[in-house]
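> Sequence:
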Amino acid sequence: MPSSTSQVPTRPLGKDGPHVSRLGLGLMSLSGVYGVPASDTERLAFLDQVFERGERFWDTADEYGDNEDLLGKWFAANPEKREQVFLATKFAVKTVRRFPDVKSSTGYAVDSSPEYAKVAIESSLRRLGLPYVDLLYCHRLDKVTPIEKTVEAMVELKKAGKIKYLGLSECSAESLRRAHAVHPITAVQVEYSPFCLDIEFPERKLLQTARELGVAVVCYCPLGHGFLSGSIRSREDVSKQGDSRGHIPWLKEENIEQNVAVVEKLVDMANKKGVTAAQMSLAWLLAQGEDIFPIPGTTKIHRLEENLGSLSISLSAEEEKQIREVSKDVVGGRVQTAHGYTFADTPPLPA
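Residue numbers for the sequence shown, in our numbering: 482 to 832.
Where hints are given, some of them may not hold.
[Said to hold, decoys possible] Taking lysine-lysine pairs in the DSBU-like style, the calculated list, with each CA pair at most 35 Å apart, reads: (1) K496 - K554; (2) K639 - K562; (3) K809 - K496; (4) K554 - K686; (5) K643 - K496; (6) K781 - K802; (7) K733 - K575; (8) K733 - K746; (9) K496 - K599; (10) K686 - K630; (11) K746 - K781; (12) K802 - K753; (13) K640 - K562; (14) K630 - K599; (15) K575 - K554; (16) K630 - K575; (17) K645 - K781; (18) K733 - K686; (19) K496 - K802; (20) K599 - K645; (21) K733 - K496.
[As the list claims (entries may be wrong)] Label-pair distances were calculated between CB atoms; the ranges are: (22) A519 - E738: 27 to 33 Å; (23) S712 - G755: 38 to 44 Å; (24) A519 - A557: 17 to 23 Å; (25) E806 - E603: 45 to 51 Å; (26) G610 - E533: 20 to 26 Å; (27) P499 - E603: 19 to 25 Å; (28) S795 - P499: 22 to 28 Å.
Hint data in this document are derived by calculation from the structure and do not stem from the laboratory.
For glycine and all other residues, C-beta sits at the position ideal for the given N, C-alpha and C.
All chains, please: the whole structure from these sequences, using the hints.
Dropping the structure here:
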């Protein structure tokens, strides 16, 4: 099985962006989501090992539990390493209490207003203990604020030295185009994997537009929330305390049996190639273009090394096609809740 403990290769993030690790690291799972988080000691030690293995493109968000606080502790203990990490965070998804007197009634609200952008970055920088972040994404568009207004606020943050590059997440092609007209957008983040090809759909035009504008595509959940690793065999595998994946349509009772059968076919293909299913899936994404940057998440070093091993795997055109064909049989789709706000449009600027 290919593995990697050496320096991770880099590529420019977008047409005029900085060089970043070809394969990034999504940090959300360090703060739960797939289970109860480990102790600070364990998580900080994990980040130490991540850094030592050359993985320096880190992705977080203000809504990921204590993620930014944890990173703040790591940077405080390792100030000399700050300039060697390309750090991306996000704003616009807020945790809210739907009923003031009911503690368990928390939910999400999306706010991409200029006012909230400025408040959110100040809070993020305070938690991180840093004067700036490298890349700030607008995590979701609220469908109320014209995208031009959101980007204008982000440009102000850049001029103030609080961010270096601008990004959008789960926007429509038109929103990306309008945003880019205000200020160059370095990256767009979207779910992309053999199981989730929405970005490629002709009616979406997002991949086409990103490439036309020279915007990098950063792929979250490139392993389908772990499904494409072959480690999920039944509903029981996503039912432990703190694991929120049970609501994902792919993993629901009516879909999981058929989807496990699809994954088994991919596992068989990977075994014949002498790689893991996760590595093959990541290699498939990397093969879609040098402007594609997967950011798989993990809390385990052996999984990180496994993922980095995908960088040395080459797929033939026939293998790429076969992976795509096999994956067509997946049913259910990805999360389509209000939290998703996927491929969002925004209203035009007032006349």
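> Determine for every hint whether it applies to the structure shown.
Here is what the structure says about each hint:
no., hint, in the structure
1, K496 - K554, "holds, 33 Å"
2, K639 - K562, "holds, 22 Å"
3, K809 - K496, "holds, 32 Å"
4, K554 - K686, "violated, 40 Å"
5, K643 - K496, "holds, 22 Å"
6, K781 - K802, "holds, 31 Å"
7, K733 - K575, "holds, 26 Å"
8, K733 - K746, "holds, 20 Å"
9, K496 - K599, "holds, 27 Å"
10, K686 - K630, "holds, 23 Å"
11, K746 - K781, "holds, 25 Å"
12, K802 - K753, "holds, 16 Å"
13, K640 - K562, "holds, 24 Å"
14, K630 - K599, "holds, 12 Å"
15, K575 - K554, "holds, 23 Å"
16, K630 - K575, "holds, 19 Å"
17, K645 - K781, "holds, 30 Å"
18, K733 - K686, "holds, 29 Å"
19, K496 - K802, "holds, 28 Å"
20, K599 - K645, "holds, 15 Å"
21, K733 - K496, "violated, 40 Å"
22, A519 - E738: 27 to 33 Å, "holds, 32 Å"
23, S712 - G755: 38 to 44 Å, "violated, 19 Å"
24, A519 - A557: 17 to 23 Å, "holds, 19 Å"
25, E806 - E603: 45 to 51 Å, "holds, 48 Å"
26, G610 - E533: 20 to 26 Å, "holds, 21 Å"
27, P499 - E603: 19 to 25 Å, "holds, 24 Å"
28, S795 - P499: 22 to 28 Å, "holds, 26 Å"
In terms of the numbered hints stated before, the structure departs from hints 4, 21, 23, listed from lowest to highest.
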